[in-house]
Amino acid sequence: MLQFILVSIVWSLLNQMYFIERDQKILGQKKKLYYSGSRTWTTHYDRRKMYKTYDEANKENEQFLRDVLYIHRDGRGSILSDDK
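Count the sequence shown with numbering that gives the first Met the number 0 and you get residues 0 to 83, in order.
Check each hint, because a few of them may be wrong.
Below, simulated EDC-like cross-link-like pairs (lysine to aspartate or glutamate); rule was C-alpha separation at most 16 Å, straight line [what the hints assert, rightly or not]:
id, residue 1, residue 2
1, K30, E20
2, K31, E20
3, K48, E59
Using C-beta positions, here's what the derived DEER-type ranges look like [claimed, not checked]:
id, residue 1, residue 2, range
4, Y53, G27, 26 to 36 Å
5, R38, N14, 20 to 30 Å
6, Q23, N57, 19 to 29 Å
7, E55, L26, 18 to 28 Å
8, Q23, E59, 13 to 23 Å
9, R65, S35, 29 to 39 Å
10, S11, T39, 13 to 23 Å
11, K31, Y53, 12 to 22 Å
12, W10, K30, 17 to 27 Å
Calculated from the structure, these hints are not laboratory results. Treat the numbers as computed from the prediction; the structure is a model and nothing was measured. Think of the CB as a built atom: it goes at the ideal place given N, C-alpha and C, for glycine as much as any other residue.
Go ahead and model the full structure; you've got the sequences and the hints to work with.
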């Protein structure tokens with residue numbers, strides 16, 4: 000079953016920059032994951048990718064989500080299940 004990825008774009012008051020994060024259950028525990036670029040996520044807060052503007056962060060986040068959806072589409076544009 001295809002699961003949607005819920006992410007947040009967060010403002011860091013300390014760094015005066017934005018970053019992308021999401022929650023995911025890992026080994027039964029809820030963890031924060033931080034986007035580190037190139038379609039990769041990390042649990043290390045200090046390895047997150049930082050953005051100067053909300054628009055910059057949102058643009059990369061939207062591109063990532065489009066890439067994920069494209070991976071799950073067949074040639075006719077239908078979304079495929081991960082079960083197959």
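Could you tell me which of the hints above the structure violates, numbers in ascending order?
7, 9
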